[in-house]
Each structure stands twice: as C-alpha cells, then as structure tokens.
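**Q** Here the protein sequences line up with chains A and B, keeping their order. Heads up, the final residue of the first sequence is numbered 244 in numbering that gives the first Met the number 0, and it's a clean run with no missing numbers. Heads up, the final residue of the second sequence is numbered 244 in numbering that gives the first Met the number 0, and it's a clean run with no missing numbers.
Quick caveat, the hints were computed from the structure, so don't treat them as lab data. Keep in mind that a hint or two might mislead.
No copy is singled out in the list; a pair is fine if it fits within one copy or between any two copies.
Straight-line Cα separation of at most 20 Å, SDA-like style, residue types lysine to any residue; simulated pairs [unchecked claim]: (1) Lys204 - Ile228; (2) Lys237 - Ile117; (3) Lys237 - Asn54; (4) Lys64 - His74; (5) Lys116 - Gly133; (6) Lys210 - Tyr233; (7) Lys210 - Ser161; (8) Lys239 - Pro209; (9) Lys124 - Thr30.
Note that the coordinates shown come from a computational prediction; the quantities given were computed from them, not determined experimentally.
Spelled out from the first residue to the last, the chains are:
There are 2 protein chains.
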Amino acid sequence: MTQPAKQQPADSQLEAFRDIVRSRRSIRRFTDEAIPDAVVEDCLDLAMLAPNSSNLQPWSFYVVKSPELKEPLAHACLGQNAARTAPVLIAIVARTGTWREHSRQVLDNWPEPEVPKIVRSYYSKIAPIHYNQGPLGLYGVAKRAMGMVAGLRRPVPRWPYSPAAMKVWAAKSTALAAENLMLALRAHGYDSCPMEGFDSCRVNKLLNIPKDGEVIMILAAGRRAEKGIYGPQYRLDKSKVVTWR
Amino acid sequence: MTQPAKQQPADSQLEAFRDIVRSRRSIRRFTDEAIPDAVVEDCLDLAMLAPNSSNLQPWSFYVVKSPELKEPLAHACLGQNAARTAPVLIAIVARTGTWREHSRQVLDNWPEPEVPKIVRSYYSKIAPIHYNQGPLGLYGVAKRAMGMVAGLRRPVPRWPYSPAAMKVWAAKSTALAAENLMLALRAHGYDSCPMEGFDSCRVNKLLNIPKDGEVIMILAAGRRAEKGIYGPQYRLDKSKVVTWR
C-alpha cells in the first residue's frame, strides 16, 4: 500500500481546518435552500472515512428529505425549529448487530489480492469471540470472569463484554463519523444541528430502524439562516477537563 | 452575539478538509519525534469546540508524556506498537457525573452580561430532571414510565433515562470531540491511532480516573513513521449503510 505523501500540511490547511471547526455552530434555523444531493453524498463519504472500532463500521445514515416523511420526523423531534426548518434531516444510527456481516464484508472485499493471515484470523475468529455477547449477554459474563482471572497476571481487554457496553461501543464509532459529517457540511458552506431531543419510539417507527439500531442523533442540515445561532459559544475552562501527566 | 461571516467557504477550504480527512489513517508506528506541547494544546482547544449534548461537555483528556507513566500505560494498552512508539498518549474519558457541576459553570460563566431566562431555567431546572437518574436509576425508571404515558398523545423525550444510557450519552459527545482531536493533529501534520484495546482496570488505576469516568479510547499520537500504516483502507459499500428517504 502507499503511504500518503503529505506529512507536513501547509499552514493554509491548518487555518482552513481551524476556520471550519470554529465557524461550526449548532444552527437552529435554516433558510429554505435545499442542499444538493451530491453535497450530502460527499459529506457522507467523508463521514465514512472516520476511524472506527476494528473497522467494523457500525453506523447507518438515514437521509430524509421527502416532505411526507420529514414533517412527521420533525414533529418527533419535539417540533424544534432546527428540525422544522432544515431541508434535510439525517438520522445517525449506531448498530450493535452488524459486526458479523461487516466482518464478512471486510474479508470478501479486501482491497488487495490476498487477505493477510492475521486479518483473516482476526475477523473470522477473534472478532466473533470479542463482540458476541451470547444469549442474555452470558458469553459476556463469562468473558468478564475470564478476564478477571487472566488480568491478575497481565493486561487483558475487559470490554465490550455486555449488551449495554456494545451500545457504547457502537455509539462511539458512529459519533466519530457524525463529527466528520458535521464538519464536512461546514466545509461545503452548509450547517447542521445535532439533535438528541426526539421521541425515539416515534422516530424508530417512522424510519423503520432495525432492532439493533439506536438513533444516536438526528442531524438537521441546511443553509444557516439569520438568527440561526441562539446563544454565544461557551466552553469550560480547559483546566477543568485537561490533565497533563 | 455575532453570526460568523463566512457562509460560503472557498473551494480551497473544502479541499483542505478533504485532504485532512482522507490522509488521516490509524498509524501504528511513530517516529521518536515529540509533539510540541503548544500543538497538543491547540488540538485540545479544537477538540473542545465539538458540539455536545446540552453544552454539558462531559469529556476529560489525560495527556500522558512522562516516560514513567507512558510506559506502564502502553503496557496496559496490551503493548501494541502504536502505544509503545507514540511520544504522547491521550486518554479520552467520558464522564457521566460532571453534568451538574458543568451546568453551574455554564450559568456562572455565561459570556454575556445577563443569562437569558430560558437558559437559566434549562440548566437549573430541566437539566437536573433530565440527567439525574436517581439512586439505583430509579428516577430514570419513573421518567421512562411517565414518558410512556405522555408519549401516547404527543412526542416526548425518552432518553437518557438509565445509568447505562448515561454512559452512551457521555461517550457520544466525547467521541465528537475525539474526532476533532484526531483531525486537528492531522491538520498539524501529526497522526494518531485511537485504541480501544486496553485493560481498563489497569488504565483507570494508572491515571486515577474518577468513578464516573469511562476511558472511551486512548489516542496514540505522534509523527507517522515509515510502515506506520498496516493495511489498505477499506470502507463498506455505501449502499449498505446509507438510506435515502
């Protein structure tokens, strides 16, 4: 494989990135301008390049722009302005049940002629041991117990060995992609508002979300309107959240 | 407050962003070059600008560069090369217990002379109802039950009403910041490897992680070395994870 050539990006690249991150704000009111589908597709491509756990890509994206579905979906988002005014809503879904199929996909579509032995063994043997929590999560309980014994002598992975931990596992990788998606929209000149305030029962039903899926956020996206930002940006003093050791 | 002026970033900004996202790979081997502290600080500043749930910023970052701590930490990362060779390790921690203190911080440090009434009411009344799950998660159970009744007639929030859901809640916002951090390092010409393969018991003890904290990943960071990328990049066919509605 090739190593990307550029190790030292130009200052202008850093400035561009800073500008994107700093100008991204949660936008609560959009103009009625549509986002071209090609832009949304490009942003999704960039979202999918996020790093993720064992490359199992446990994410799904539901892009909603048809008024028949967008309207009830905005209603399920408690009618908030961001949802009501956005030309596109994207439900971002973390999946705990796709790792097996995605393991197969990685092996079946490996980009080089031969799948390295270590990779084949990982996806066909180790991943199933690691991610399968078994009926009622019982394999997970067993794995935790074995970890506690083995862990007395040497470092061992202790996680994600329960159905609840699998939800954190999937949400985490999916959120990495979500951040790429929001920044990509900004880089394209559009904006977004990540919403957690929604009725998940109604949303799951409207979008027919699979049983193993959790909508971790619904992204309202579009062109920033006047007064689209509701308040000043505030961040905690860094000393509260950063520790140097 | 001011609205950022730039609505339509230049094409060069988009290209810069694309380049950063595309050149970011999980790097498993770093040179022994240090990252200047100022660069790490800048990357953390950009990480902290990630959107997050109710602006409660439930994240912490432990930046480890002292050899006395970095070595046992790399050992707790199962000795993987990324951890062993990185000049800096950053433990990224999701906190389920800081929302109350951070609510206070938002109100105490509001960037404008007056805290709007709706903001004061949100952080002093609504957030405590929403995020406090009570002893043994019993408030959460009650909130879920009330939601089921009220939800028969109108959309209601149903989440995060359990201690387990709070873990997903915190991990999600923290992962958004983690992605900013990785991209920021890339924008600065450095690289990273987000690691989930570590012994959380040993890591928690080494870093003295608070009880409400979960290390959602440990980021190895540094200058990309030759053969730092282990395999070709593979992403699922988009049709498997994107649905247009």
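**Q** Hint by hint, note whether the structure agrees.
**A** Hints, one by one, checked against the model:
For a Cα distance limit of 20 Å, the shortest separation of Lys204 from Ile228 qualifies neither inside one copy, at 31 Å, nor across copies, at 42 Å. Proximity of Lys237 and Ile117 under a CA criterion of 20 Å is satisfied in neither setting, with 41 Å inside one chain copy and 26 Å between copies. In this assembly of identical chains, Lys237 and Asn54 lie within 20 Å of each other by CA distance solely across copies; the values are 14 Å between and 32 Å within a copy. Proximity of Lys64 to His74 under the C-alpha cut-off of 20 Å is restricted to the intra-copy arrangement: shortest distance 14 Å within a copy versus 49 Å between copies.
For the identical chains of this complex, Lys116 and Gly133 are neighbours neither inside a copy (26 Å) nor across copies (49 Å), given an alpha-carbon limit of 20 Å. In this homomeric assembly, Lys210 and Tyr233 never come within 20 Å of each other (Cα to Cα): the closest approach is 37 Å inside a single copy and 26 Å across copies. In this assembly of identical chains, Lys210 and Ser161 lie within 20 Å of each other by CA distance both inside one copy and across copies; the values are 17 Å within and 19 Å between. Taking CA atoms no more than 20 Å apart as the test, Lys239 paired with Pro209 passes between copies only; the shortest distance there is 13 Å, against 39 Å inside one copy.
Taking the closest pair of Cα atoms, Lys124 and Thr30 never come within 20 Å of each other, the shortest separation being 51 Å inside a single copy and 32 Å across copies.
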